[in-house]
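**Q** Those sequence lines, one after another, are chains A and B. For the first sequence, position 67 matches number 64 in our numbering, and the numbering has no gaps at all. For the second sequence, position 156 matches number 153 in our numbering, and the numbering has no gaps at all.
The set of hints was computed from the structure by calculation and includes no laboratory data. Treat the hints loosely; a few may be bogus.
Partner residues aside, some chain A positions facing chain B, computed with beta carbon under 10 Å [as the list claims (entries may be wrong)]:
(1) Ile35
(2) Arg37
(3) Ala51
(4) Pro54
(5) Val57
(6) Asp64
(7) Gly65
(8) Asn81
(9) Gln87
(10) Ala91
(11) Ile100
(12) Glu102
(13) Thr159
(14) Arg162
(15) Trp166
(16) Thr167
Using N, Cα and C, we set each Cβ at its ideal position, and we do this for glycine too.
Protein chains: 2
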Amino acid sequence: MPSGWLCRRLRVPPRPGHSLHGMTDAVRDASQRKTDTIARLDGDADVWVATASAGRPHLVPLSLAWDGAHVILATPANSPTARNAAASGQIRLALGTSRDVTIIEAAAEVMPCAEAADPIARCYAARTGWDPRHEDMPHVYLVAAPRTMHAWNSLAEINGRTIMRDGQWTPA
Amino acid sequence: MPSGWLCRRLRVPPRPGHSLHGMTDAVRDASQRKTDTIARLDGDADVWVATASAGRPHLVPLSLAWDGAHVILATPANSPTARNAAASGQIRLALGTSRDVTIIEAAAEVMPCAEAADPIARCYAARTGWDPRHEDMPHVYLVAAPRTMHAWNSLAEINGRTIMRDGQWTPA
């Protein structure tokens, strides 16, 4: 419950689970949150990417692409992000801002850019304007299949924030 | 090297370590990046907080306070963030946006809000407008001492991005 996150915005003590004071934004249903999330997946320039090794978290912003089923990222092969994701297969992404966010928990497959299938590489290059296969420093793609998604833009939206579970969009 | 992060902004393939094309922003020295970072620590409403358990990363936005030496966060005691930070003692924070960021690696001490020293509690309540000691659900403070900071707002600022090392600000 990210009540600590919203307290400053609300200027009142948050009441977890209680009615919201002073907020006038409409609470979105799951269908709208899914629509808004896909719009960000299709259009945002970058995403926050968290990985981990033995209790040690790593966090960087990366450009992203979306092929309709996978978030595609690229980073140097020797980066902590690449190494962590390759070892654990798990990444967590934050799309949007702290005030309008979708948190995505995803299973990540890490592959050398030089060995990736063309559709992955083309999707990434088309979206970002950059082809990491052309870099001298070896890069990898992280191809991330979302498993869970939580989307919220206010305390009122904490309930109903799960819009994907086990890789399936939740019904509206 | 977050070259993948910047490629879309630049609209040209990034050249890690090479001169920047088309950017007109001045490259800040360490002193300016420190000043800008402290301004964010003093004024921003929230921060991205990454923690981990084994190889599983967790990522949430939280409100923050800054007492001049520690970032102070608050979250329910049973949250993944609280449990991860208590177990590993390590957190990573992203302050700002993906285009103007300070990444902070910090040692975190986790304490029940009810047991925290008054200066900690007062600092947090004054900054955020919320006192978690008044919540029915038990909360904890995460009191985070920065160890390493990296600040950059462009590819040109990748060099010189370390502005704190081993808890000490780097010289300008």
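**Q** Taking the hints in turn, state whether each one holds.
**A** Evaluated hints:
1. The criterion of a C-beta within 10 Å of any C-beta in chain B is not met by Ile35 of chain A, whose closest approach is roughly 18 Å, and the hint is violated.
2. Interface hint at Arg37 of chain A: violated, since its Cβ lies 13 Å from the closest Cβ of chain B, which is beyond the 10 Å cut-off.
3. Given hint, Ala51 of chain A at the interface with chain B, holds; its Cβ is 7 Å from that chain's nearest Cβ, closer than 10 Å.
4. Given the 10 Å rule on beta carbons, the hint for Pro54 of chain A holds: about 4 Å separates it from the nearest Cβ of chain B.
5. Among the interface hints, the one on Val57 of chain A holds; its C-beta lies about 6 Å from the nearest C-beta in chain B, closer than the 10 Å criterion.
6. With a cut of 10 Å, the hint placing Asp64 of chain A at the interface with chain B is violated, because the nearest CB-to-CB distance is about 16 Å.
7. Below 10 Å, beta-carbon pairs count as interface contacts, and Gly65 of chain A has none with chain B, the closest being about 19 Å; its hint is therefore violated.
8. Interface restraint check: Asn81 of chain A against chain B, minimum CB-CB distance 7 Å, threshold 10 Å, status holds.
9. Against a cut-off of 10 Å between C-beta atoms, the interface hint on Gln87 of chain A holds, since the closest Cβ of chain B lies about 5 Å away.
10. Here the hint on Ala91 of chain A is kept, as its CB sits about 5 Å from the closest CB of chain B, short of 10 Å.
11. With a least beta-carbon distance of about 6 Å to chain B, the hint placing Ile100 of chain A at the interface is held under the 10 Å criterion.
12. A hinted interface residue such as Glu102 of chain A counts as satisfied when its beta carbon comes closer than 10 Å to some beta carbon of chain B; here the least separation is about 9 Å, so the hint holds.
13. Checking Thr159 of chain A against chain B by beta carbon gives a least distance of about 15 Å; that is not within 10 Å, so the hint is violated.
14. Annotation: Arg162 of chain A was flagged as interfacial toward chain B, and the flag is violated, the nearest CB pair being 17 Å apart, outside 10 Å.
15. Hint status for Trp166 of chain A: violated, given a least beta-carbon distance of 21 Å to chain B, over 10 Å.
16. The interface hint given for Thr167 of chain A is violated, since its Cβ lies 20 Å from the closest Cβ of chain B, which is over the 10 Å cut-off.
Going down the numbered hints, you'll see the structure goes against 1, 2, 6, 7, 13, 14, 15, 16, while the others check out.
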